[in-house]
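Chains as they are written, first to last, in the numbering used here: chain A, 1 to 142; chain B, 1 to 657.
Since the hints were made in silico from the structure, they are not lab data. Where hints are given, some of them may not hold.
A few chain B residues facing chain A, derived, Cβ under 8 Å [claimed, not checked]:
#1 LYS116
#2 LEU120
#3 VAL246
#4 CYS248
#5 ILE638
#6 GLN643
#7 ASP644
#8 GLN649
We put the beta carbon where it would ideally sit given N, CA and C, even for glycine.
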Amino acid sequence: MAGFEPQIIAFCCNWCTYAAADLAGTSRMQYPANVRIVRVMCSGMVSPLYVLKAFEGGADGVLIAGCHLTDCHYIDGPVKCDAMVAKLRDMLHVLGLEDERLRREMVAASEGVLFARVIREMVEQLKKIGPSPLKARTEALA
Amino acid sequence: MEEIKTGVYICHCGLNIAGVVDVEEVAKYAGKLPGVIVSREYRYMCSDPGQDLIKNDIKELGVNRVVVAACSPRMHEPTFRKTVEDGGLNPYLYEHANIREHCSWVHDDKELATNKAKDLVRAAVRRVCRHEPLVVREVPFNPSVLVIGGGIAGMQAALDIANGHKKVYLVEREASIGGHMAQLDRTFPTLDCSECILTPKMSDVGHHPFIELHAYSEVEEVSGSIGSFKVKIRKKARYVDESKCVGCGDCEEKCPWKVPNEFEVGMAKRGVIYIPFAQAIPNVATIDKEHCVYLQKGKCRACEKACGANAIDFEQEDEIIEVEVGAIIVATGYDQFDPSVIGQYGYGRHDNVLTGLEFERLTCAAGPTEGKILMKDGREPQSVALVHCVGSRDQNYHEYCSRVCCMYALKYAHLAKEIAKADVYQFYIDMRCFGEGYEEFYNRLSEEGVNFIRGKVARITDEAITDEEQGKLVVVSEDTLLGKIIRVPVDMVILCSALEPRSDAENVGKILSINRRADGFFLERHVKLDPVATPTDGIFICGCCEAPRDIPDTVAQAGAAAGKVLSLMSKGTVTLEAATATVDESICHGCGRCEEICPFSAPKIVSKDGVLVSNINEALCKGCGSCAVVCPTGAIAIKHFTQDEILAQVEALTEVR
Chain A
1 MAGFEPQIIA
11 FCCNWCTYAA
21 ADLAGTSRMQ
31 YPANVRIVRV
41 MCSGMVSPLY
51 VLKAFEGGAD
61 GVLIAGCHLT
71 DCHYIDGPVK
81 CDAMVAKLRD
91 MLHVLGLEDE
101 RLRREMVAAS
111 EGVLFARVIR
121 EMVEQLKKIG
131 PSPLKARTEA
141 LA
Chain B
1 MEEIKTGVYI
11 CHCGLNIAGV
21 VDVEEVAKYA
31 GKLPGVIVSR
41 EYRYMCSDPG
51 QDLIKNDIKE
61 LGVNRVVVAA
71 CSPRMHEPTF
81 RKTVEDGGLN
91 PYLYEHANIR
101 EHCSWVHDDK
111 ELATNKAKDL
121 VRAAVRRVCR
131 HEPLVVREVP
141 FNPSVLVIGG
151 GIAGMQAALD
161 IANGHKKVYL
171 VEREASIGGH
181 MAQLDRTFPT
191 LDCSECILTP
201 KMSDVGHHPF
211 IELHAYSEVE
221 EVSGSIGSFK
231 VKIRKKARYV
241 DESKCVGCGD
251 CEEKCPWKVP
261 NEFEVGMAKR
271 GVIYIPFAQA
281 IPNVATIDKE
291 HCVYLQKGKC
301 RACEKACGAN
311 AIDFEQEDEI
321 IEVEVGAIIV
331 ATGYDQFDPS
341 VIGQYGYGRH
351 DNVLTGLEFE
361 RLTCAAGPTE
371 GKILMKDGRE
381 PQSVALVHCV
391 GSRDQNYHEY
401 CSRVCCMYAL
411 KYAHLAKEIA
421 KADVYQFYID
431 MRCFGEGYEE
441 FYNRLSEEGV
451 NFIRGKVARI
461 TDEAITDEEQ
471 GKLVVVSEDT
481 LLGKIIRVPV
491 DMVILCSALE
501 PRSDAENVGK
511 ILSINRRADG
521 FFLERHVKLD
531 PVATPTDGIF
541 ICGCCEAPRD
551 IPDTVAQAGA
561 AAGKVLSLMS
571 KGTVTLEAAT
581 ATVDESICHG
591 CGRCEEICPF
601 SAPKIVSKDG
611 VLVSNINEAL
621 CKGCGSCAVV
631 CPTGAIAIKH
641 FTQDEILAQV
651 EALTEVR
């Protein structure tokens, strides 16, 4: 799989993880350029459709990251997000997508280091498992 | 439909962006994207000339959508929304691409960073065409406030607001205001009399023309939102006509039934009809319904005969009062941790193992022993041990530090020496003397000859193993400075119990729609920058309901909460979130899943022309979007974060360049 650069779509909540990614920036922490962040107001706002759309478009991995359970700006968004992710995983299995392709994290606004680490880890892991099988299929259909 | 004419502006941010990202190439690329009629790059887009570029393009080229690719939107999105608005467009017809914090500052490979910037700009361009103009609405702010809790925090907040001539409804659950501070005899580190500084405040609250005091009352229901909350208060029946009672206490004297006195932490008795303490506000009697023999069994009425003012009214019933306020301050305080759950400390088993509050009452001239420190057998203790961190800094109970115990333990050490001339042993983990004059007080006590032993107490036992220990309580602990286990025989042990969340904090949180942290205390909006606000607009917290704290910090927080409320009132209106949920009634089935999931009670299922549909109260909606995720028909959309917009953005991000 030489030269394979995975594509990651990250849904980050406005209050915590988006801010953590900003902090990684202001602290000039380097991480791979494979990630594209979509700002959402709350991790509880992420619909399974958004994740499926990302995979359909050819993303190799999706990250959903937001506040820790007790930090939520909207009281219990992360709980709802966890429930959604649990259901979504089953659907991804049916589509033949490996567990590692969807990552759920809680990254607080102060955890810029953690954000950078999560991205590094994801890129490494996705490089190991290779391109999304869905991408190959959609390309074949096209 | 109008033709989309998007203007794209790439900021160099000096070399912060342009040093890594090829801004000219990104601008050139953006210029070819569908819908883009102008694409520019400029050294500092946030400067006046940078903003003028946008305004001019709106006027002269008819740009009707704007994308700026620059720093984080958390930094300059508000700036450019304002620019767009000044240029004559709706401020929501704007999208921000973050190519600094999320791109040029975290990637050093120029090609990769430039490609990423192109992707982010493309996604922003795709999304901005889908933005709809939104209206920020202002609604009037009701200039009155509800304060829940009449301890020092609630009283201070109420007085600060009432002194600004704004109406305050102060609700206190107990028969009198005063809270825990009224039970204290002296306050550290100055050892000034708690009552002397508290009673004047209580009296001010009781007589203030702008404070409507509802003691012996509880908040039952809160609805509405910032600027216009509706509150239902249950005024519990005292069976005493407050307007007639003169607080003489004759009834309590004649009441033949006695029960443990809560104010004296059970160390004295009170009548079933009672005035909680001498300085109570309001100074009226209350019949404790649960213990009243007449109310329970239909015989007695001794108080009625004793009352010269004809104030007793056995027919009285609970009354529901409804008030409307613009803001709410929660100051519900704390409960003391019950140390009997730590079996090895023997609280409740050994007579002379006391809690801090029990010892406090012993030292009070108005207390059960008239200020004498006495053991259960009536003797003065010759030696006293103080055990710190009982239930605090302990993973079995509460991990947090209760903040006040070190200092009140020092106060008790001083009082035990001064009043009972006792030897004092303090078992501490760390001495935390952080406030003004606190370290000095610690030094003073060290000089007074208190024995400080560093170690966590393992157990307290009455099993003597030497003659010296006979008839004593033996405190067994490690002395970490000596590195050995020691046994200290004493006459009395004081457990410095943790401060913990009120046992009904969960319910109060539900009534108010405010959240609690893992430790059970109410959650502030931001731990550093917004410590007295809650995530629910218009609801503030102060004092020990937020976390354990001492009196000076509580008073400061109460003042801060009052200041926040007064500033809201001074503006007179509330700005409502524009990016809220909206319902497409033509496809809504009225299933109610949105109503179930919303933490702010914004959606309500209502009947419109005989059809059930969801109706969103925009004043309550925060735009978190959880309703839209669970909506089975897709009837709910979050403005500015619609499914269509996010899908378009995701699609654009995954496209091959």
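Q | Supplied contact hint for CYS248 (chain B), tested at 8 Å Cβ to chain A | A | violated (49 Å)
request  = Identify whether the interface hint at VAL246 (chain B) stands, where standing means a beta carbon of chain A within less than 8 Å of its own.
outcome  = violated (47 Å)
**Request:** Hold the hint about LYS116 (chain B) up to the distance rule: shortest CB distance to chain A must be less than 8 Å.
**Result:** holds (5 Å)
Hint ILE638 (chain B) vs chain A: min CB-CB distance below 8 Å? Constraint on ILE638 (chain B) satisfied, holds at 7 Å.
field: Restraint outcome when GLN649 (chain B) is required to lie within 8 Å of chain A by C-beta distance
entry: holds (6 Å)
- Minimum Cβ distance from ASP644 (chain B) to chain A below 8 Å? Constraint on ASP644 (chain B) not satisfied, violated at 11 Å.
Margin query: Given LEU120 (chain B) as an interface hint, is its Cβ closer than 8 Å to any Cβ of chain A?
Written below: holds (7 Å)
Margin query: Using the nearest Cβ pair, does GLN643 (chain B) come within less than 8 Å of chain A?
Written below: holds (7 Å)
Checked against the numbered hints given earlier, the structure breaks hints 3, 4, 7 and satisfies all the rest.
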